[in-house]
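Undergrad: Residue-level listing of the chains:
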Amino acid sequence: MDKQVLENRLNVNRRHFLGKLGLGLGGVALGSLLTPGLLKRGGVAGEGLPLGFKHFASKAKRIIYLFQNGAPSQFESFDYKPTLNQRFGEDLPESIRGGQRLTGMTANQEKFPLVGSRFSFKQYGDSGIWVSELFPNIAGIADDICVIKTMHTEAINHDPALTFMQTGAQVGNRPSMGAWMSYGLGSENQNLPAFCVLLSRGRGNGQGVYSKLWTNGFLDSVHQGVQFSSSHDPILYLNNPDGMDMASRRKMLDQLEALNHMAYQEFGDPEINTRIRQYEMAYRMQTAVPEITDLSKEPDHIIKLYGSDCLVPGTYAANCLLARKLSEAGVRFVQLYHQGWDQHGNLVGEMPLQAEDADRASAALITDLKQRGLLDETLVIWGGEFGRTNYCQGKLTPENYGRDHHPRCFSIWMAGGGIKAGLSYGETDEFGYNIVRDPVHVHDLHATILHLMGFDHEQLTFKHLGRRFRLTDVHGKVVNDILA
Amino acid sequence: MANLVYCFVVKSGDYQNSGSNMTRSSSVRIIDHVTLVLITLLLVSGCNSGNQTAAIPDQVDFNFHIRPILSDKCFTCHGPDANQRKEDLRLDTPEGAYGALKDYADRHAIVPGDPMNSEVFLRISTTDSTEMMPPPESNLKLSTREIKLIEKWIEQGAEYKPHWAFVPPVAADLPQVKDQSWVSNEIDYFILDKLEEAGLKPNQRADKALLLKRVSFDLTGLPPTLEMQEAFLNDRSPGAYEKVVDQLLKSPHYGEKMAVHWLDVARYADSHGYQDDGLRTMWPWRDWVIHAFNENYPYDQFLTWQLAGDLMTDRNMETLLATGFNRNHKITQEGGVIDEEYRIEYVTDRTNTFGKAFLGLTFECAKCHDHKYDPISQKDYYSTFYFFDKVPEKGLVGTIDASFADPPNMKITDKDISEMLTFINKKDTAAVEVMVMEDSADIRTTHVLNRGNYDAKADTVYADTPEAILKYDTTQWGSNRLGLARWLLDENNPLTSRVLVNRIWQEIFGRGIVKTSGDFGMQGDLPSHPELLDWLAVDFRDNGWNIKRLVKQVVMSSTYTQSSVVSKRQQQKDPENIYLSHANRVRLGAEMVRDHVLASSELLNPEIGGPSVKPYQPDGIWESSTSGRGLLQFYVQDHGDDLYRRGMYTFIKRTAPPPGMLIFDASNRDQCEVSRLNTNTPLQALVMLNNPTVLEGSRVLAERLLSESTSEEQKVQQAFRRIICRPMREEERSLLMDYLKDEQQRFSEQREAASAFIEIGEYPKLADQDPVTVAALMQVIHTIYNMEEAITKS
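First to last, the protein sequences are chains A and B.
Residue numbers 1 to 484, in my numbering, belong to the letters of the first sequence in order.
Residue numbers 485 to 1278, in my numbering, belong to the letters of the second sequence in order.
Just chain A, same shape as in the assembly (with noise of 0.2 angstroms):
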């Protein structure tokens, strides 16, 4: 090996650097040479983040995802099948089954009796969308929502499912939509990160959620989802120790700079200069994160807009009201995890529970945005992991029954942020257990997504490990059909 070596690699550098560029990553780099130091690998950034780059112009700068984690079931939801009432008990024809996989809860049952929904029907709006009785206040603003009955996924278990959702991929620690939205687009609030996370358990059958699914993966960690929590420190260790009160903090801050400006007049490190804006910006949160997080000066309709439900801290509806004031203040992406919807037995009993929880909040959300004229430029995003079977898991009868997990087809809905509204896109068949007309995969949502966000899905990309990683992998096509 020769002398060439360092000066090539010094280009290599180089090349990369300006590669990016190219690319299309221009937010990323650009903001790089905003920002000191943020290209090199410690030094990102609070203040000065990125601007923000798109591929292309577009409406949508925020999104706020509102996950059904367990899958909701689709039945008893958005997708009408009176056939499955009519041929209550009857077994699922393998014709319709055609070899598909079954989770180990079911794959042993000797018969895959059909059961329809216990609850009924009908159509909303001028749209005319189905909804069930169990979402009549999502049914309230049907004209407002794309309702997709053909999402289909690849994995048949939660936690695969979950992960596959949010990142991407069933497994690897990729990172996950939320943190591609803030690595591509930046900060529009310096006192609050781009990426937020709120968790809430209904009343069904939980099961769970996992750091990962907000997981920078291989993005830098300024990218990572920051969890909110409903205790004394809505962030982690946000709050002054007794004792300490602003002011005493402010001093201290200023000591610390002193103090922290005499290693860099020593060091010459320009990280050490870094490190003090990230005190100024921790401080900043420490002012503003609390003021978001007050719900208790809502006003009065606003809370009965959510429901009084919205002043109990860590509610699915205070984290949606929650979730609007962030997405307000800037918050890129706001993600919310509501866990329950794992129905494989006592769906009659369990349901309704859920579907109570969930609804008026979700719509509420939608009606909050609309009327402060910020649908426009925030997408929203309900749904779960996966479907559920239109067979019966464990004993049926007449009054109750349960279901199993199912990758074919699922519902979810969208609404604002350049979706086409009262829409009702894809139909599966009469059994809803397969696409017949306009199929989604997980890969394609991904890509339209990102799409509403101004960017090509093949473009944002990062190279790790020698390749460049894509939120949608090698996959997707963006469902131009459902864009405004």
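Take the hints with a grain of salt, since some may be wrong.
As the list claims (entries may be wrong) - The calculated lysine to aspartate or glutamate pairs, modelled on EDC-like cross-linking and capped at a C-alpha distance of 20 angstroms, are: (1) A:LYS251 / B:ASP1126; (2) B:LYS851 / A:ASP473; (3) A:LYS251 / B:GLU621; (4) B:LYS1225 / B:GLU1246; (5) B:LYS692 / A:GLU266; (6) B:LYS685 / A:ASP473; (7) B:LYS557 / A:ASP473; (8) B:LYS685 / B:ASP1058; (9) A:LYS477 / B:GLU621; (10) B:LYS911 / B:ASP1126; (11) A:LYS251 / B:ASP1252; (12) B:LYS1225 / A:ASP456; (13) B:LYS625 / A:GLU266.
No lab work stands behind these hints, which were simulated from the structure alone.
Following the hints, complete the assembly by docking chain B onto the known chain A.
TA: Same frame as chain A, now just chain B:
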């Protein structure tokens, strides 16, 4: 944007093409950020302004100039992956590139010496979008410089060379250097040679106090005690530094420090990892790792035991325990999963970990298709997979809490510990079970799995490895994991030694000689000091794979011991410090931040090993994400001494890892990780400001200092020396003493605040101390803990 961005832009441009002779003028300019932003805007707005890059070298080299271009821009369609290959053309081999094109027998992709008749050059230089390569829809584009490099390389004969990392290392002679006085050992020859060539001067030796802090953290992960500081500063003998190094290498904390990185590599955790995420008991394996480093097991033994300790003829309980390495992967407990799907997932994890940990390669890319860049076919992948596919195991043993150690496992009793496994810190008399490896050779055949799907079995494969690395000889090595270990350790294996040496370097300097320590393949970064890497790799192997010797060699070099002060010139010429003209200032790792606080305040419980512990953690971290099942749904905090264990013993529940650790870039232990990020974020500031551990450390240290009969200034000085590990400078002293007075004043006016402030942590307060005095000193100490220098090796 307070600071100027000093960015390096080499303006090469200005090629005047006069026939085949090009003249070039190049200059290096430092430009301010305004100009740079302008250039950037031009680039992002799509104007191809071309030549913002370096000069074309006189002699173009395949490995260092051409392969990076071809690999990054061409191999996706014209590389090793046979299924993705377009037009049957491959450019990764000379045969492929020189041969006749599929549809045009008289034309060739590359005609050595003749760019104008080389289809490659014509296609990359055309402006016709239907002819252009790479095609516009690929979103890939060659720069003007890259095109010129390829042209010149073809002109000069288009010589292909094997990828540097696949050629076994040979130790080069030490380079000649001018400044012999700077050199301490062999490492320095290689470093200084490059520095002199680049016109840079290395720094002189670091300030003694700073150097002691640096080496103490690098070798033990702990700060030097005051006594060590005193002894070292007062020892003016020439061997003083070496004495300290030897002392640190003998410390039992050396093994802990070295183990932390290996736990990342081995994705060690205390829970199973999927969904319900129940408890597992792999900690005796972790105790073994610490023991192995402390006993300085040679790397060949360390590696062989972990890969094949169950298969050795002289196996014993300890070698078996070491094989826990391959069982640290995540295991599902989700009811209803398909058993085989997950069993395949575990074997996949082992195969990928093997590739990354020992070979520094991205094996995982060849699971679903041939590797796009490196010569690892899908068949190679599953042939390597074969070695890990013979374990009598299940994908799902049972749901939550069915098992803390799925079979195959070993049971360790008190008797085993007293007789052999003396290093295991078991706390009770119950036996502990640990997952280990076992082979049942005829248990199943191994297949290529189409698209990586567990149920898409294709051709049967047998034990083998990618030939481009080193041909696997079944008759010599056998066809099990023991053979695989021998293959790794064969002197013709080009990667094993380089990869380990590079990672040791990375852990000490903050960046490897190969920066992409997990990718030595075509897409990885080239080594900054290839001769040094090879010299170290050969030296390490030839000296019995002696890890302590290697570590000592590195920390004894002038390269390591030099000062970290950066001059303007150094920063401008080499902003990333690739040449190592000064020591890197590196932030302490996540565990070390915690350990530093505990050690400097004397709260640290120095106990080694044992079941992981649960120190303070904010409420609700586990509870808000749990499925509501199993032993780990609630975080039950420990008390007493267990609150003050080193960071590496903090319980890692994979679905909700310790948040303070993640904020400081610790691994979530989801999969094998060979390097951590090193970020600088506002959340880190919040941890240092408000985490009870840091506040408690400040209080306890304040109380201790106040119980001594020393002056106020001596107390502040002592705290400063414990935390920053050097004496205060005058301006620091005067600032901190003034601040102490102010805080005493404030707290005496707000006595309640003082009492509330010191009410932090469970460590008992010293009796009869005035809350105001304690609070004020505690506040000053807390400020010192928050100094950038506190958690940085300078």
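Undergrad: Now tell me if each hint is right for this structure.
TA: Against the structure, the hints:
1. A hinted pair counts as satisfied when its Cα atoms are at most 20 angstroms apart, and LYS251 (chain A) with ASP1126 (chain B) does not qualify at roughly 34 angstroms.
2. Distance restraint check for LYS851 (chain B) and ASP473 (chain A): the Cα-Cα separation of roughly 14 angstroms lies within the 20 angstroms cut-off, and the hinted pair is therefore satisfied.
3. Simply put, LYS251 (chain A) and GLU621 (chain B) have alpha-carbon atoms about 56 angstroms apart, too far for the 20 angstroms limit, and the pair is violated.
4. Of the pairs offered as hints, the one joining LYS1225 (chain B) and GLU1246 (chain B) is violated, with about 28 angstroms between alpha carbons and a cut-off of 20 angstroms exceeded.
5. The straight-line distance between the Cα atoms of LYS692 (chain B) and GLU266 (chain A) is roughly 15 angstroms, inside the 20 angstroms bound, and the hint therefore holds.
6. As the CA atoms of LYS685 (chain B) and ASP473 (chain A) are separated by approximately 46 angstroms, the hinted pair breaks the 20 angstroms bound.
7. A distance of roughly 18 angstroms separates the Cα atoms of LYS557 (chain B) and ASP473 (chain A); the hinted pair therefore holds under the 20 angstroms criterion.
8. With a C-alpha separation of about 12 angstroms, the suggested pair LYS685 (chain B) and ASP1058 (chain B) falls inside the 20 angstroms cut-off, and the hint holds.
9. About 15 angstroms separates the Cα atoms of LYS477 (chain A) and GLU621 (chain B), which keeps this hinted pair within 20 angstroms; it holds.
10. In summary, the hint linking LYS911 (chain B) to ASP1126 (chain B) is supported, as the alpha carbons are separated by about 12 angstroms, within the 20 angstroms threshold.
11. As the CA atoms of LYS251 (chain A) and ASP1252 (chain B) are separated by approximately 29 angstroms, the hinted pair breaks the 20 angstroms bound.
12. Distance check on the hinted pair: LYS1225 (chain B) and ASP456 (chain A) sit about 59 angstroms apart at the alpha-carbon level, beyond 20 angstroms; violated.
13. About 44 angstroms separates the Cα atoms of LYS625 (chain B) and GLU266 (chain A), which puts this hinted pair outside 20 angstroms; it is violated.
When held up to the earlier numbered hints, the structure conflicts with 1, 3, 4, 6, 11, 12 and 13 and fits the remainder.
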